[in-house]
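There are 2 protein chains.
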Amino acid sequence: MMARQRWVLGLIVALSAVWLSQADEGMWLFNNPPKKQLKEKYGFDITPQWLEHLQKSSVRLGAGGSGSFVSPDGLVMTNHHVASDALQKVSTAEKNYMRDGFHARTREEEIKCPDQEIDVLMSIEDVTERVNAAVKPGMDPAAAQKARQGAINEIEKESKEKTGLHSEVVTLYQGGQYHLYRYKRYDDVRLVFAPETAIAFFGGDPDNFEYPRYCLDVAFFRVYENGKPAKVDHYLRWSKDGVKEGDLTFVSGHPGRTERLNTVAHLEFIRDVDMPTRLNVIRRREIALKTYSDRSLENERRARDDLFSVQNSRKARLGMLAGLQDPAIMSRKREEEAALREAVAKDPELRKNYGDAWDQIAQALKDYREIFLEHYVLEFGGIGTGFNSELFAIAKRLVRLAEEKTKPNAERLPEYSEARLEALRQSILSEAPIYEDLEIVRLSDSLSMMMEFLGADHEVVQKVLAGKSPQHRAAQLVNGTRLRDLTVRKQLLDGGLSAIEASDDPMIVLARTVDPAARRVRKVYEGKVQEPLRQGYAKISKALFAIKGTSIYPDATFTLRLAYGPVLGYMENGKKIPPYTVIGGLYQHAENHGWKEPFDPPQRWKDRKGKLDLNTPFNFVSTADIIGGNSGSPVVNTKGEVVGLIFDGNIYSLVLNYAYTDELARAVSVDARAILEALRKVYDAEELAKELTGGK
Amino acid sequence: MMARQRWVLGLIVALSAVWLSQADEGMWLFNNPPKKQLKEKYGFDITPQWLEHLQKSSVRLGAGGSGSFVSPDGLVMTNHHVASDALQKVSTAEKNYMRDGFHARTREEEIKCPDQEIDVLMSIEDVTERVNAAVKPGMDPAAAQKARQGAINEIEKESKEKTGLHSEVVTLYQGGQYHLYRYKRYDDVRLVFAPETAIAFFGGDPDNFEYPRYCLDVAFFRVYENGKPAKVDHYLRWSKDGVKEGDLTFVSGHPGRTERLNTVAHLEFIRDVDMPTRLNVIRRREIALKTYSDRSLENERRARDDLFSVQNSRKARLGMLAGLQDPAIMSRKREEEAALREAVAKDPELRKNYGDAWDQIAQALKDYREIFLEHYVLEFGGIGTGFNSELFAIAKRLVRLAEEKTKPNAERLPEYSEARLEALRQSILSEAPIYEDLEIVRLSDSLSMMMEFLGADHEVVQKVLAGKSPQHRAAQLVNGTRLRDLTVRKQLLDGGLSAIEASDDPMIVLARTVDPAARRVRKVYEGKVQEPLRQGYAKISKALFAIKGTSIYPDATFTLRLAYGPVLGYMENGKKIPPYTVIGGLYQHAENHGWKEPFDPPQRWKDRKGKLDLNTPFNFVSTADIIGGNSGSPVVNTKGEVVGLIFDGNIYSLVLNYAYTDELARAVSVDARAILEALRKVYDAEELAKELTGGK
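Protein chains in written order, with our numbering: chain G, 346 to 1041; chain S, 346 to 1041.
One or more hints might be untrue.
To be verified - Heads up, simulated DSSO-like pairs for lysine-lysine below, C-alpha to C-alpha not over 30 Å straight-line:
id, chain 1, residue 1, chain 2, residue 2
1, S, K386, G, K635
2, G, K635, S, K941
3, S, K589, S, K386
4, G, K711, S, K589
5, S, K941, G, K951
6, G, K941, S, K951
7, S, K808, G, K941
8, S, K635, G, K920
9, S, K813, G, K921
10, G, K635, S, K921
11, G, K951, S, K635
12, G, K440, S, K941
What the hints assert, rightly or not - Now the in silico label distances, taken between C-beta atoms and shown as ranges:
id, chain 1, residue 1, chain 2, residue 2, range
13, S, E643, G, P759, 47 to 55 Å
14, G, G800, S, I779, 40 to 48 Å
15, G, Q948, S, N571, 53 to 61 Å
16, G, A683, S, A847, 38 to 46 Å
17, G, E776, S, G800, 56 to 64 Å
18, G, G955, S, E590, 54 to 62 Å
As the list claims (entries may be wrong) - Stretches of chain G that chain S covers, calculated by requiring three or more beta carbons in the stretch to come under 8 Å of a beta carbon on chain S:
id, stretch
19, 547–556
20, 623–635
21, 813–823
22, 938–946
Calculated from the structure, these hints are not laboratory results. Backbone N, C-alpha and C define an ideal beta-carbon position, used for all residues, glycine too.
Whole structure, please, built from the sequences with the hints as guidance.
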């Protein structure tokens, strides 16, 4: 599955787009679409109206996925596995919506989801000049980083104040361009429908990233405004006929991160340092969660979404690492890099301005190695992987926010800038359940990892453990903190710096204790790694613009992109894999696996088998260029009608992180026809089917 | 579960025995039993006859566990999880004895098990002087190591030639003493009875190393001589009455490795380097096997025993690491070390002879760090963890054997010495099934790990991968080799060096290619790590003998030991955990977990519930000092009668690797009464029950 990969370092542009031109490559900007390619290869004229409609019908889900409006009443379609964060949070020991599914038969039954936000991209503005103007010639990297971040914080704040819209400056082409994205944000999001996990994720981890598939990976939310279903101007209509092999389709969604322009040195860094460390951490988390889950049914329920998420990451990252460990891919990358460097070297102007980019990047990565583990453990993602605990994350945000708020906006860490405060406040005051036993399992494992990665004698480790074993310390912290109580969080949030400084809550004390060291390593990271990488890659991007023009797409940034390609099967080990599966195949696949979990469909699907049209197309593959974060993206035909719903890529698609290929790599979708068939014949959700089809 | 931990580095003596005297501590040598302790604390007089009978009734299983003769007709009792290697090897896609159990109703139905050997310890001889005499003053460590190993190879060869018995020189007290153990070896071992995994390992990984428990972890083999059941003079009789809380019991078995005398520097090395690396490898193997298993029922069957084994290791090692990461345990170790060093420092003679031991060990570990990964990947266990493949292991043994056989016995690597050739030949010609798909999964994962651990540019890595990705290379090797064919192996085995050198089998070529580098790192390891450690620890042991006398027990060495202690419950989080569970508790535990695998007992147990006496004691705990390798050990009463069968330790027992404690740590056994009850009422195995009870 392809929910956004939150851990990817991610940087970079589509060099490949330059060398490969016939393939359906590209995650295109809505303000720089592949007009020419579509016209030439498919004779399709893309119009501004067509684009605007698709853009404003597409949504981004805060939890890390994509979706679309599919009715004028704010109905949002996405994947079950994108909705699983929400399903987990609204489930209890008594009502397990994750396992059993959910269906609101009336609007009154729709359940409000904590922490769930849905964004719609309303406008894009190029602010490159203003951002770049903040950096004065001769500034050292740390000063340049600070100045640039300050300008971005200010642009976002101004925009928010002026328009009321959630505003984000997006770094595109690794710093080649900066665009201001304005989103209409819905934060009253309610759950309408979700099937059982056993059919949404039929085949489970074994079938994840595989094909053929038989998954009804769909869920529906509805956005509300002022307590009523929101009326939306743009939504996608349901296709009556669906698509067939060869038909051109489009995907509008939010690919998370690609790293296609990474230099070879950077890819080697990922292969040798970054990915092995992350996989080590992912594996230990997977096993810690799995052993916790296996101890009781209630544990299993509590850890379900976390466990899915790490298993998904593990499978995705193993695929990426396999790509990096494949000499064939690395030599292709080496050749591409050599060709570009040669082109730059040949032109005196380019050489002078951009010729040192590769060495600059290599040096930054060398410096990164020095602090990699410390940064990773203490500050990665703003929290640090050494503290795998919701309660610690809340404490750290409270501690930092109190300090950051005393600074001018331009000088703050970006995630504490004015434009982000509202979302931050919501996350701190989230009503999502926190389970102490699970917190202890997660925290003790990550503290043990910290001891392993930094060494038992490391000053921070000694302070964090305070003379206890990781297990004892985790139990002490989790049992001792009062941060599970929302009123306590609110007091600390509203009390500002003095409240934080006066607190004796052990988790707050811990966050306070760790913060100076975490800030220190972050500063080194920003000055010696992040900024030099940004500068180096901006040079490479500019060199590319100079050589090839700007009609190229930037690497993915979890912002809205357009991808395209036909429905198309492929050859695997000499065998043709057809593009479609049908509902009947579900039962056959279950039979082949002895109807054993995770190949055991829900009882309802067994009972209703006779009612279903077993020839209904169930899942299909296409060549569209997608990656994690595209989960839940609508697949539309040339008329802009829904024909499917992206939910995965096959195993060969994992390499798309580094390079596009359409030989074997495929995007995997739920067919829109299967969604209707299931709603009507398995779930008796006629009213929902009607809403989708406009009453038909 | 506690099958021998094959990966433990293991070295060292029982310092704790010196400081703690009242607890039931100790894994005692049969030629140096705890006479005084038993007399003083329990008023029990241990006699030479009692000891000899127990010794010769006890057996060691090659696969890494313990057992005992329980009838005059060579019937051997051990754990199901010790027998699982054999069960795996005799199972096929059609006959899954691992899952379904096995019961030979007649002797003709008993199944011969490939690779299964059973050893009975017949005599012990102290050869310390002769081994030490080989090392001349002034020899450097590498020369000393070689001379000592040469003497050992010769002693073993002589003994084997003289007595026909399998002969092993055991290094005790880390080099303080060397004893020659002579075993009668049975290599015609047949499977008599095994229950279903679902009851043998009820609760699975979640309940592993936990208590209370409800497992029928028992299996029976029979040893044959000349095609007939062997007649044995010594076997254990079945207790009529069993034991109750407080009764003294004895455990006679083969604890694998303990590391109780490790210096603090050594424990830190394990905590910081050794254990994290191994856990990283264990976790990746667990996940690779689990994802393979989950893809089909047949895959699950094929990987069952491997998967169990890594899960068991993971849980055990996490427990050990938790001990090492606990400052309480480390400070106790620091205090003990300081006390001993002070005692040595005070005595001029001791100081002169042994005072430098701790620094010598610290230096050896420093040197070990330098080569740790290379040694681990290329040569650990004589094969190298980078080559996780049965076919590669066969190739490497063939390649090495051909070369080693050209050398005089005294100069060979120990595992290729004359006394070991017979067993080696058997392992190379084993008929155990090898599954190509599973081999590819294991090998590609370990080659990927090799690339990660040694670096993509490492000379050996480049040679091993030969320009391919780990996945492609693994597939190429496994699909290309002809070593699955026993006749090919036999030709290479009999053809000697010329056949090996002429072979173009890709796996043989690989083993040949890697061997020089593997031998190089092994030589460094032996000279700079193994020998200095041995010398250092021999000094510490001698210092201990000098200060405390020789009535102490050596660290575990997978050789026969006697442990003792009463059946005894314990307090956990303020709650009394009773020493016994009863059969009725099984059904309650299943109910609490929704009868979901691995908490779902076999159908047979559900059907026969009404026939069973639900109050029959099922599992019990005692304070006996045991560790991995003790699995399958008989538990006997003071009359030497079977009252139970060791199969596990509780979670608190994992720390016994480093230090004994009887506060919470307990050995876990199947009660002999439950075995009889189940044989009679669940399995209709009356003839077996009769054989156990002497016809009663």
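Here is what the structure says about each hint:
Using a Cα cut-off of 30 Å, the hinted pair K386 (chain S) and K635 (chain G) is violated, with the two alpha carbons roughly 44 Å apart. The straight-line distance between the Cα atoms of K635 (chain G) and K941 (chain S) is roughly 15 Å, inside the 30 Å bound, and the hint therefore holds. Between K589 (chain S) and K386 (chain S), the direct Cα distance comes to roughly 18 Å. Compliance with the 30 Å bound is thereby established for this hinted pair. Restraint check for K711 (chain G) and K589 (chain S): not satisfied, since their Cα atoms lie roughly 65 Å apart, outside the 30 Å limit.
Between K941 (chain S) and K951 (chain G) the CA atoms are separated by roughly 20 Å; this keeps the pair inside 30 Å, and the hint holds. With a CA separation close to 20 Å, the supplied pair K941 (chain G) and K951 (chain S) stays within the 30 Å bound. Annotation: proposed proximity of K808 (chain S) to K941 (chain G) is violated, straight-line Cα distance about 43 Å (limit 30 Å). Distance restraint check for K635 (chain S) and K920 (chain G): the Cα-Cα separation of roughly 27 Å lies within the 30 Å cut-off, and the hinted pair is therefore satisfied.
Annotation: proposed proximity of K813 (chain S) to K921 (chain G) holds, straight-line Cα distance about 26 Å (limit 30 Å). Distance hint between K635 (chain G) and K921 (chain S) is fulfilled; the C-alpha atoms sit about 28 Å from each other, no more than 30 Å. As the CA atoms of K951 (chain G) and K635 (chain S) are separated by approximately 28 Å, the hinted pair is consistent with the 30 Å bound. For the hint linking K440 (chain G) to K941 (chain S), the alpha-carbon distance of about 19 Å falls within 30 Å, and the restraint holds.
Distance hint for E643 (chain S) and P759 (chain G): a CB-CB separation of about 52 Å, consistent with the stated range 47 to 55 Å. Against the hinted window of 40 to 48 Å, the Cβ-Cβ separation of G800 (chain G) and I779 (chain S) comes to about 41 Å, which satisfies the hint. A hinted range of 53 to 61 Å holds for the C-beta pair Q948 (chain G) and N571 (chain S), which are about 59 Å apart. Between A683 (chain G) and A847 (chain S) the Cβ separation comes to about 42 Å, which falls inside the hinted range of 38 to 46 Å.
Distance hint check: the CB atoms of E776 (chain G) and G800 (chain S) are about 48 Å apart, inconsistent with the given range 56 to 64 Å. Taking the beta carbon of each, G955 (chain G) and E590 (chain S) are about 60 Å apart, inside 54 to 62 Å as hinted. Closer than 8 Å: that is the beta-carbon criterion, and the stretch 547–556 of chain G has 3 residues meeting it against chain S, so the requirement of 3 holds. Here the stretch 623–635 of chain G counts 6 residues with a CB under 8 Å from a CB of chain S, which clears the bar of 3, and the coverage holds.
Judged by the Cβ-Cβ criterion of 8 Å, the stretch 813–823 of chain G is covered by chain S as claimed, because 5 of its residues qualify and three suffice. Here's how the stretch 938–946 of chain G fares: 4 of its residues keep a CB closer than 8 Å to some CB of chain S, so the rule of at least three is met and the hint holds.
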